[in-house]
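**Student:** Residue numbers (the numbering used here), protein chains in the order written: chain A, 44 to 327; chain B, 124 to 456.
Calculated directly from the structure, the hints in this document are not laboratory data.
Because the structure is a prediction, the values reported are computed rather than measured.
The reader is advised that the hints may include incorrect statements.
Calculated cross-link-like contacts (lysine-lysine; reagent style DSS-like; alpha-carbon spacing at most 30 Å) [what the hints assert, rightly or not]:
no., chain 1, residue 1, chain 2, residue 2
1, A, LYS76, B, LYS265
2, A, LYS306, B, LYS139
3, B, LYS344, A, LYS318
4, B, LYS199, B, LYS147
5, A, LYS80, B, LYS139
6, B, LYS365, B, LYS285
7, A, LYS318, B, LYS285
8, B, LYS401, B, LYS429
9, B, LYS265, B, LYS302
10, B, LYS199, B, LYS265
11, A, LYS306, B, LYS309
12, B, LYS309, B, LYS285
13, B, LYS302, B, LYS379
14, B, LYS309, B, LYS357
15, B, LYS379, B, LYS429
16, A, LYS76, B, LYS344
17, B, LYS199, A, LYS318
18, B, LYS252, B, LYS199
19, B, LYS365, A, LYS76
20, A, LYS80, B, LYS265
21, B, LYS247, A, LYS80
22, B, LYS247, A, LYS79
23, B, LYS355, B, LYS265
24, A, LYS318, B, LYS147
25, A, LYS307, B, LYS139
26, B, LYS365, B, LYS302
27, A, LYS307, B, LYS199
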Amino acid sequence: MAEVLRKVKPKAQPSEISRNLRAAYARAWVRVKATKKEPLWAIAEITIPLISVGAYVFLYRALNAPPSFASFVVIGGTVIAFWANVLWNMSAQFYWEKETGNLEMYFVAPISTMAVLLGMALGGIINTSTRALSILIIGSYVFQAPLHLSDPIAALIVFILTIISLYALGMLFASLFMLYGREAWHTANLLQEPVYFFSGFFFPITGNRFFPFAIQVAASLIPLTVGLDAIRRVLVLGAGLNQIPLHVLGLVAFVSVLLPLSKKGLDFMERLAKKEGRLTLRWQ
Amino acid sequence: MPELSIETVDLTRTFKGPSNTTVKALDRVNIRVNQGEIFGLLGPNGAGKTTLIKILTTLLLPTEGDAYVAGFHVVKQASELRSFINLVSGGETPGYGILTTRENLWFFSQLYGLPRSIANLRIKELMDKLQFAEYASTRMHKLSSGYKQRLNLARGFINDPKVLFLDEPTLGLDVLSAKNLRQFVKDWVRNDTEKTLLLTTHYMAEAEEMCDRVAIIDQGKIVALDTPESLKNKLERRRTVKLEVRGSSSKFGDLKQFSGVLGVSQSQDIQSEISTLKVLVEDESVISEVISRISQSGSKVISVSKTEPTLEDVYISLVGRGFEESEAQSTTQ
Numbered sequence: 044m045a046e047v048l049r050k051v052k053p054k055a056q057p058s059e060i061s062r063n064l065r066a067a068y069a070r071a072w073v074r075v076k077a078t079k080k081e082p083l084w085a086i087a088e089i090t091i092p093l094i095s096v097g098a099y100v101f102l103y104r105a106l107n108a109p110p111s112f113a114s115f116v117v118i119g120g121t122v123i124a125f126w127a128n129v130l131w132n133m134s135a136q137f138y139w140e141k142e143t144g145n146l147e148m149y150f151v152a153p154i155s156t157m158a159v160l161l162g163m164a165l166g167g168i169i170n171t172s173t174r175a176l177s178i179l180i181i182g183s184y185v186f187q188a189p190l191h192l193s194d195p196i197a198a199l200i201v202f203i204l205t206i207i208s209l210y211a212l213g214m215l216f217a218s219l220f221m222l223y224g225r226e227a228w229h230t231a232n233l234l235q236e237p238v239y240f241f242s243g244f245f246f247p248i249t250g251n252r253f254f255p256f257a258i259q260v261a262a263s264l265i266p267l268t269v270g271l272d273a274i275r276r277v278l279v280l281g282a283g284l285n286q287i288p289l290h291v292l293g294l295v296a297f298v299s300v301l302l303p304l305s306k307k308g309l310d311f312m313e314r315l316a317k318k319e320g321r322l323t324l325r326w327q
Numbered sequence: 124m125p126e127l128s129i130e131t132v133d134l135t136r137t138f139k140g141p142s143n144t145t146v147k148a149l150d151r152v153n154i155r156v157n158q159g160e161i162f163g164l165l166g167p168n169g170a171g172k173t174t175l176i177k178i179l180t181t182l183l184l185p186t187e188g189d190a191y192v193a194g195f196h197v198v199k200q201a202s203e204l205r206s207f208i209n210l211v212s213g214g215e216t217p218g219y220g221i222l223t224t225r226e227n228l229w230f231f232s233q234l235y236g237l238p239r240s241i242a243n244l245r246i247k248e249l250m251d252k253l254q255f256a257e258y259a260s261t262r263m264h265k266l267s268s269g270y271k272q273r274l275n276l277a278r279g280f281i282n283d284p285k286v287l288f289l290d291e292p293t294l295g296l297d298v299l300s301a302k303n304l305r306q307f308v309k310d311w312v313r314n315d316t317e318k319t320l321l322l323t324t325h326y327m328a329e330a331e332e333m334c335d336r337v338a339i340i341d342q343g344k345i346v347a348l349d350t351p352e353s354l355k356n357k358l359e360r361r362r363t364v365k366l367e368v369r370g371s372s373s374k375f376g377d378l379k380q381f382s383g384v385l386g387v388s389q390s391q392d393i394q395s396e397i398s399t400l401k402v403l404v405e406d407e408s409v410i411s412e413v414i415s416r417i418s419q420s421g422s423k424v425i426s427v428s429k430t431e432p433t434l435e436d437v438y439i440s441l442v443g444r445g446f447e448e449s450e451a452q453s454t455t456q
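One chain only, chain A, in its complex shape (with noise of 0.2 Å):
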């Protein structure tokens, strides 16, 4: 065996960086392998949010309230599938790793953590912006939801920006859930519901009347609210970047803030992990 094992032995150790890329690439091929060989959970996601977008639509058409209330809705429709997938299978998953085994295997691997979390963030793009794309075009046309792509840049740098801050909240979430040490479903549960609310998914929080002014910037702090607000004022009100110059800044805000953020937590999650010897329980 070892001399099958030393004839097909690399010329040299790879770099880090190879190592870590190459480990990045794969964890995110096994999200989208995974997704295609179940074709049928795409079909029900896509389905689902289309169910609740469909039912605000028809309320906000009882209401008789403007066309471009449709446009919200569908616009908070399909980033709904970005943030499920952030808590999930972003925020949830090292919980799930663990369980498996595969965290252990991460560890002893020569690669940083931080490349599995982009690998699944990568992969969990991909899948996401399919199904999101499907949503966004299927709903604006069954709908009739009038959406403005005058500045396919802005709308671009937006969605990108909103995308990085909510997937590198998701690997500071990845961190956390393990040092919390319950369930992870029963955490991503508690975070589903309130987020939908506050970021508003369904109507729009900025200049809500019914919402106090206290709680319009609470919820700014969740960059979804942002990143959600931003890409409606340019999908559906035709605003150009120099119009949400505050949105552009507080998205970039979030970034720099929450991806050190989330290298930090995993270095701590994983400290802590080897000191208390977390790694090893199970259904802790």
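Put chain B on the given structure of chain A with help from the hints.
**Tutor:** For chain B alone, kept in the frame of chain A given last:
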């Protein structure tokens, strides 16, 4: 003089126990394992074997002491060390159930940065050698536990580690699969003097068959360390007598109170109500007293036989009880 592959110096690990107590999982452990050696850690569940392996594979920090693997300090040089080691824990199947066996192995190969062509060649060779090539395209969740364990073992070899840690690798395997697995692992070490294997097991026969040297660990302490033969030779005149008894073993009382009885291990078949006692004695003359005590308690001795010394006898002679009693004791603590 062979090079050292693993060395621990006064390695200690404590955990917080219930009600602010401290549990010592490892207590000043000192071992030195040479390159090219199959080294066994033998002890009951809860003895500290897995804790030691977790420290040596950088998964757990020691509370005190130092440890080196392949020349690297396990805490200070953990990142450098990880390229040269791998860990296989029996009874666990890391990977993704939705992926096939080949895809899972490819995924793990990428954690070690293997180029695609090399990874594919290695995966093919490992699947052939471990005899599960016909399941290459089967999803992991559809594999039987025996094949999952083969996949797990193949994963451990994917980076061709210098030092491989096997933690109870045959746990839950059928006899034939366990035998094949042991042979495969032995060949891997014997064919390359740079390789080292540290194996933990609570199967005595497995340790005897595979290991060049064995450390017996009990309650976090190394109580003996030598080749299996030397350990057994240390028993000298001591003999193990196996008694099969019908009736409840709780009635016998403590057989160790007889002068000359060094240790007792017992197991019971609940269905047949037959207890098997392994009594380690200094001198065989004490056995008649033991039999008479059992008979007085209302139980019936069905058979008496002498057995060749095994590593379990060594364990009993060192700690005064068998593995099962030790495990029961650690559970109640």
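**Student:** Each hint should be assessed against the structure and marked as holding or not.
**Tutor:** Hints, one by one, checked against the model:
Pair hint LYS76(A) plus LYS265(B) holds up; C-alpha atoms about 17 Å apart against a cutoff of 30 Å. Restraint check for LYS306(A) and LYS139(B): the C-alpha separation of about 28 Å stays at or below 30 Å, so the hint holds. Our distance criterion of 30 Å between C-alpha atoms is met by LYS344(B) and LYS318(A), whose separation comes to about 21 Å. In summary, the hint linking LYS199(B) to LYS147(B) is supported, as the alpha carbons are separated by about 23 Å, within the 30 Å threshold.
Restraint check for LYS80(A) and LYS139(B): not satisfied, since their Cα atoms lie roughly 44 Å apart, outside the 30 Å limit. Among the hinted pairs, LYS365(B) with LYS285(B) is inconsistent with the structure: their alpha-carbon atoms are about 42 Å apart, more than 30 Å. Straight-line distance between C-alpha atoms of LYS318(A) and LYS285(B) comes to about 26 Å, which keeps the hinted pair within the 30 Å bound. Distance hint between LYS401(B) and LYS429(B) is fulfilled; the C-alpha atoms sit about 9 Å from each other, no more than 30 Å.
Taking the CA atoms of LYS265(B) and LYS302(B), the gap is near 23 Å; set against the 30 Å cutoff, the hint holds. The suggested pairing of LYS199(B) with LYS265(B) is violated, with an alpha-carbon distance near 41 Å, which exceeds 30 Å. Only pairs whose Cα atoms come within 30 Å are accepted, and LYS306(A) paired with LYS309(B) is rejected, the gap being roughly 41 Å. Simply put, LYS309(B) and LYS285(B) have alpha-carbon atoms about 14 Å apart, close enough for the 30 Å limit, and the pair holds.
Taking the CA atoms of LYS302(B) and LYS379(B), the gap is near 36 Å; set against the 30 Å cutoff, the hint is violated. Straight-line distance between C-alpha atoms of LYS309(B) and LYS357(B) comes to about 26 Å, which keeps the hinted pair within the 30 Å bound. Note on LYS379(B) and LYS429(B): the hinted pairing holds, with a Cα-Cα distance of about 18 Å set against a maximum of 30 Å. Between LYS76(A) and LYS344(B) the CA atoms are separated by roughly 47 Å; this puts the pair beyond 30 Å, and the hint is violated.
A hinted pair counts as satisfied when its Cα atoms are at most 30 Å apart, and LYS199(B) with LYS318(A) qualifies at roughly 14 Å. Between LYS252(B) and LYS199(B) the CA atoms are separated by roughly 36 Å; this puts the pair beyond 30 Å, and the hint is violated. The straight-line distance between the Cα atoms of LYS365(B) and LYS76(A) is roughly 57 Å, outside the 30 Å bound, and the hint therefore fails. With a C-alpha separation of about 14 Å, the suggested pair LYS80(A) and LYS265(B) falls inside the 30 Å cut-off, and the hint holds.
Note on LYS247(B) and LYS80(A): the hinted pairing holds, with a Cα-Cα distance of about 23 Å set against a maximum of 30 Å. For the proposed pair LYS247(B) and LYS79(A), the alpha carbon gap of about 24 Å is at most 30 Å, so the pair holds. The suggested pairing of LYS355(B) with LYS265(B) is violated, with an alpha-carbon distance near 43 Å, which exceeds 30 Å. Distance hint between LYS318(A) and LYS147(B) is fulfilled; the C-alpha atoms sit about 14 Å from each other, no more than 30 Å.
A hinted pair counts as satisfied when its Cα atoms are at most 30 Å apart, and LYS307(A) with LYS139(B) qualifies at roughly 25 Å. Distance hint between LYS365(B) and LYS302(B) is fulfilled; the C-alpha atoms sit about 26 Å from each other, no more than 30 Å. Restraint check for LYS307(A) and LYS199(B): satisfied, since their Cα atoms lie roughly 19 Å apart, inside the 30 Å limit.
The structure does not agree with the numbered hints 5, 6, 10, 11, 13, 16, 18, 19, 23 stated previously, though it agrees with the rest.
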